[in-house]
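Use the sequences and the hints to build the structure in full.
In the order they appear, the protein sequences are chains A and B. By full-length UniProt numbering, the letter at position 276 of the first sequence is numbered 276, and the numbering carries on one by one without gaps. By full-length UniProt numbering, the letter at position 73 of the second sequence is numbered 73, and the numbering carries on one by one without gaps.
Don't read these hints as lab results, they were simulated from the structure. Warning: the hint list may mix true and false statements.
[Unchecked claim] With a straight-line cut-off of 30 Å between C-alpha atoms, the simulated BS3-like cross-links for lysine-lysine are: (1) A:K672 to B:K47; (2) B:K47 to A:K609; (3) A:K523 to A:K504.
Every value quoted in this text rests on a predicted model; they were computed, and no experiment measured them.
The lines below spell out each chain.
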Amino acid sequence: MTEKLVIVGNGMAPGRMLEHLLEAAPGHHDITIFNAESRVNYDRIMLSPVLSGEKSFEEIVIHGDGWYERHGIALWKGHRIIAIDRDARTVTSDHGVSERFDRLVIATGSVPFIIPVPGNDLPGVLTYRDLDDVNAMLLAAQARAKAVVIGGGLLGLEAAAGLNERGMDVTVLHVMPTLMERQLDPAAGHLLQAAIAARGIKVITKANTKAIIGNGKVEGVELADGTIIPASLVVMAVGIRPNVALAKEAGLTVNRGIVVDDRMVTSDPSILALGECAEVGGRVYGLVAPLYEMARVAAAGLAGDGSRAFVHSDTPTKLKVTGIDLYSVGDFADGDDREEIVLRDASAGVYKRVILQDNRVIGTVLFGETADGAWFNDLTRRKTDISEMRDTLIFGQSFQGGAKQDPLAAVAALPDDAEICGCNGVCKGKITGTITAKGLTSLDEVRAHTKASASCGSCTGLVEQLMKVTLGDAYNPAAVQPMCPCTHFGHDDVRRLIRAKGLKTIPAVMQVLEWKTSCGCAKCRPALNYYLVADWPDEYADDYQSRFVNERVHANIQKDGTYSVVPRMWGGMTSAKELRAIADVVDKFAIPAVKVTGGQRIDMLGIRKEDLPAVWADLGEAGFVSGHAYAKGLRTVKTCVGTDWCRFGTQDSTGLGIRIEKFMWGSWTPAKVKMAVSGCPRNCAEATCKDVGIICVDSGYEIHFAGAAGLDIKGTEVLGQVRSEDEAIEVIVALVQMYREQARYLERIYKWAKRVGVAEIRRQVLDDVERRARYFDAFVFSQRFAQVDPWSERVSGKDKHEFRPLELAGLGAVVES
Amino acid sequence: MDWFDIGTIDDIPARGARCVTTPEGRIGVFRTADDQIFAIEDHCPHKGGPLSQGIVHGASVTCPLHNWVISLETGMAEGADSGTVRTIAVRLDGRRIAIGRESHLLAAE
Numbered sequence: 001m002t003e004k005l006v007i008v009g010n011g012m013a014p015g016r017m018l019e020h021l022l023e024a025a026p027g028h029h030d031i032t033i034f035n036a037e038s039r040v041n042y043d044r045i046m047l048s049p050v051l052s053g054e055k056s057f058e059e060i061v062i063h064g065d066g067w068y069e070r071h072g073i074a075l076w077k078g079h080r081i082i083a084i085d086r087d088a089r090t091v092t093s094d095h096g097v098s099e100r101f102d103r104l105v106i107a108t109g110s111v112p113f114i115i116p117v118p119g120n121d122l123p124g125v126l127t128y129r130d131l132d133d134v135n136a137m138l139l140a141a142q143a144r145a146k147a148v149v150i151g152g153g154l155l156g157l158e159a160a161a162g163l164n165e166r167g168m169d170v171t172v173l174h175v176m177p178t179l180m181e182r183q184l185d186p187a188a189g190h191l192l193q194a195a196i197a198a199r200g201i202k203v204i205t206k207a208n209t210k211a212i213i214g215n216g217k218v219e220g221v222e223l224a225d226g227t228i229i230p231a232s233l234v235v236m237a238v239g240i241r242p243n244v245a246l247a248k249e250a251g252l253t254v255n256r257g258i259v260v261d262d263r264m265v266t267s268d269p270s271i272l273a274l275g276e277c278a279e280v281g282g283r284v285y286g287l288v289a290p291l292y293e294m295a296r297v298a299a300a301g302l303a304g305d306g307s308r309a310f311v312h313s314d315t316p317t318k319l320k321v322t323g324i325d326l327y328s329v330g331d332f333a334d335g336d337d338r339e340e341i342v343l344r345d346a347s348a349g350v351y352k353r354v355i356l357q358d359n360r361v362i363g364t365v366l367f368g369e370t371a372d373g374a375w376f377n378d379l380t381r382r383k384t385d386i387s388e389m390r391d392t393l394i395f396g397q398s399f400q401g402g403a404k405q406d407p408l409a410a411v412a413a414l415p416d417d418a419e420i421c422g423c424n425g426v427c428k429g430k431i432t433g434t435i436t437a438k439g440l441t442s443l444d445e446v447r448a449h450t451k452a453s454a455s456c457g458s459c460t461g462l463v464e465q466l467m468k469v470t471l472g473d474a475y476n477p478a479a480v481q482p483m484c485p486c487t488h489f490g491h492d493d494v495r496r497l498i499r500a501k502g503l504k505t506i507p508a509v510m511q512v513l514e515w516k517t518s519c520g521c522a523k524c525r526p527a528l529n530y531y532l533v534a535d536w537p538d539e540y541a542d543d544y545q546s547r548f549v550n551e552r553v554h555a556n557i558q559k560d561g562t563y564s565v566v567p568r569m570w571g572g573m574t575s576a577k578e579l580r581a582i583a584d585v586v587d588k589f590a591i592p593a594v595k596v597t598g599g600q601r602i603d604m605l606g607i608r609k610e611d612l613p614a615v616w617a618d619l620g621e622a623g624f625v626s627g628h629a630y631a632k633g634l635r636t637v638k639t640c641v642g643t644d645w646c647r648f649g650t651q652d653s654t655g656l657g658i659r660i661e662k663f664m665w666g667s668w669t670p671a672k673v674k675m676a677v678s679g680c681p682r683n684c685a686e687a688t689c690k691d692v693g694i695i696c697v698d699s700g701y702e703i704h705f706a707g708a709a710g711l712d713i714k715g716t717e718v719l720g721q722v723r724s725e726d727e728a729i730e731v732i733v734a735l736v737q738m739y740r741e742q743a744r745y746l747e748r749i750y751k752w753a754k755r756v757g758v759a760e761i762r763r764q765v766l767d768d769v770e771r772r773a774r775y776f777d778a779f780v781f782s783q784r785f786a787q788v789d790p791w792s793e794r795v796s797g798k799d800k801h802e803f804r805p806l807e808l809a810g811l812g813a814v815v816e817s
Numbered sequence: 001m002d003w004f005d006i007g008t009i010d011d012i013p014a015r016g017a018r019c020v021t022t023p024e025g026r027i028g029v030f031r032t033a034d035d036q037i038f039a040i041e042d043h044c045p046h047k048g049g050p051l052s053q054g055i056v057h058g059a060s061v062t063c064p065l066h067n068w069v070i071s072l073e074t075g076m077a078e079g080a081d082s083g084t085v086r087t088i089a090v091r092l093d094g095r096r097i098a099i100g101r102e103s104h105l106l107a108a109e
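Quick look at the structure:
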């Protein structure tokens with residue numbers, strides 16, 4: 001006989017409970033869910049990656065509509081339960097739907113805390129709780145205006161980072177002296193603050209919000225000291241309160257949360273509660289791991305197994321902001337009976353602190369390097385006596401028991417019951433056992449079968465290492481994306497090996513790296529040719545036959561096999577003499593189309609290949625050189641007229657653009673590079689969607705990069721600001737050289753930057769002055785060999801065969817006969 | 001079959017091609033890394049791209065317009081694409097290259 005189970009709320013905890021229940025007691029329940037949100041169950045802790053743009057909503061759905069259908073579960077979306085009648089055993093929704101229950105599960109979650117200040121109900125004040133909030137923030141972020149996030153905890157910082165990624169100017173207000181003070185000690189809090197500030201997010205601590213001001217909509221936040229911070233968006237992320245109103249009205253025992261026993265049962269034996277709304281053992285929880293444990297306990301109880309009880313354990317905290325690694329768990333307050341071991345490496349931004357009591361680890365705070373977090377936490381759980389390894393404890397697991405081992409050995413040495421995935425409570429033995437039993441070979445499969453790394457994803461590295469340990473060479477994550485079918489190496493490996501092994505020709509690369517084809521293919525050969533040109537500019541002889549036709553004949557092939565020609569117009573400036581020469585060439589060669597390009601130059605289309613050298617000769621006489629409009633290299637540097645003419649211009653943007661173009665033309669890059677220089681923030685040269693852009697301001701030059709306006713549209717990232725033209729050139733040259741040395745062939749700057757991280761690029765080309773100089777010098781050296789005008793070379797006879805067809809000897813006679 | 005001289009192997013770069021205009025249309029003459037010579041119609045079966053302008057690898061060429069890969073030996077598209085270009089007979093006499101033309105084609109002119 002099936003039992004009628006009704007669930008109020010459809011968040012992650014009840015979703016997980018259902019998975020366990022359907023597995024333990026399939027078909028035993030007739031299930032109905034009421035969800036106040038009008039959507040299916042999704043991974044709420046992944047809202048931050050949705051906000052920052054790293055994931056889409058579809059990617060974070062846990063149970064799609066099909067899942068509910070498959071399991072015969074009735075899901076009422078957009079129905080808020082407004083009353084529970086415990087005598088009649090029914091619930092009623094705000095749309096008037098009533099449902100009878102045998103067992104009821106309350107999972108109403110929590111509500112964001114709204115600070116009681118004037119103006120907190122103005123339009124533009126948001127919380128950070130569900131997808132609606134994220135959508136509202138994304139809408140607000142389109143204006144790229146100013147935002148204030150109130151609350152410097154986990155959620156607030158993730159919201160701030162996401163809004164910053166979306167181009168907003170973000171200020172975080174935090175009432176305490178240091179960020180995330182509940183999870184971090186003050187030292188780590190300061191490091192975190194520095195890391196957040198380095199991303200361009202302002203942080204004000206000890207900030208007491210007095211009022212939110214605005215007329216009809218948010219205009220700013222006023223602090224107790226009278227400071228006013230302008231903002232068109234205010235996000236409140238100061239905390240959450242268990243959502244207990246419904247339970248309270250139904251007469252259930254409620255304290256901070258809905259009081260349940262360690263079987264998740266409320267004061268009414270037929271009603272359970274779990275998730276953020278539940279209070280067990282006097283505690284309420286907000287992190288996913290204990291909520292999933294509640295789900296496990298509740299499911300067992302509903303399936304008739306009363307033996308499983310909820311036990312409190314500390315949950316590690318990790319921040320989901322790309323590029324900031326922090327980990328904290330346990331108790332780290334100072335105390336007379338406590339000792340601590342601290343390691344600091346200021347230049348690397350690493351801070352580690354382990355708190356000991358009676359030779360046992362009771363708390364861990366790691367910043368900058370968190371790989372040993374799981375190991376320290378394991379020592380805490382096991383109450384391991386660490387006196388034997390005390391001297392080296394802080395260096396982490398790989399330093400224990402002799403010489404430093406490789407990271408795999410550390411993972412291999414973990415006991416089977418060591419927890420790998422904190423969110424889902426998956427231990428090592430479960431992962432390795434499932435990999436072997438089910439023959440899993442990919443990360444996605446492991447996620448699907450074990451749930452490890454399937455929630456916040458911060459343990460992905462560990463899971464991959466476990467796969468490596470279990471599968472040996474059969475698991476090679478790089479093999480997922482080889483350069484092309486000719487090799488099993490990916491682009492990064494090939495680049496590394498070219499340098500490490502000193503490979504200086506394409507045949508040498510193919511021989512040493514065991515290429516599977518004798519002479520490569522149209523994918524790998526141009527890539528290898530670029531890597532060799534970039535790495536050995538003086539020694540490598542360019543392999544002409546490994547270049548795409550456009551770079552071989554220095555013009556752009558068109559659909560009918562004719563070519564187009566774009567001469568360089570430095571910074572988009574031209575003259576009567578140049579225009580006259582172009583007009584003459586167009587007439588002389590009967591060029592069918594002439595077009596002004598988006599890069600401020602002139603394109604002549606429909607030129608026969610045989611005519612190219614003669615066209616170039618005429619253009620060359622007028623002083624033109626190749627515009628490289630066909631190259632994976634520097635294309636144009638767009639400019640506006642700057643201080644020369646414009647009444648708003650702040651600097652000589654035209655002059656700077658021409659200087660950059662004259663300095664950098666001819667360089668080969670992984671993919672095309674387009675630049676622009678705007679003379680003021682009105683940005684007439686559209687510098688903020690270029691690969692590299694400069695916005696001149698009164699005090700200097702704001703350097704932008706990683707924009708896109710093609711297949712993808714993306715505003716630039718700000719690299720930083722410099723004072724002089726010379727410095728601006730040095731920084732962008734270093735940036736381009738870093739890109740030349742590190743990116744994969746055909747990978748535009750914005751994709752490379754996303755992979756490497758804006759902060760890392762900033763560190764290497766802006767902050768680290770020595771490294772910047774090294775990049776600059778390497779670029780200058782390579783230009784000695786690259787800055788040769790390919791058109792004049794060919795006018796002088798280079799590659800003559802390319803532009804002349806073969807003759808069919810004696811054909812005339814045959815045709816006549 | 002009549003044979004017409006078009007030049008020597010050295011006129012064509014290894015892993016490269018040149019083209020010849022004939023009354024039947026333009027053909028591409030290809031030289032592979034190991035000095036084999038092939039001739040095919042210079043017209044990709046996909047959108048008519050000039051195959052002689054593509055990158056030559058093994059005994060195949062990749063069309064410069066949309067990256068179809070065509071076998072120089074059979075004239076057939078490789079991989080998931082399907083289509084064929086006409087192959088033209090080639091004869092090597094020492095280092096000299098001659099291409100063959102069917103007599104009846106000539107007669108038809």
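Hints versus structure:
no. : hint             : in the structure
1   : A:K672 to B:K47  : holds (26 Å)
2   : B:K47 to A:K609  : holds (19 Å)
3   : A:K523 to A:K504 : holds (19 Å)
The structure agrees with every numbered hint stated previously.
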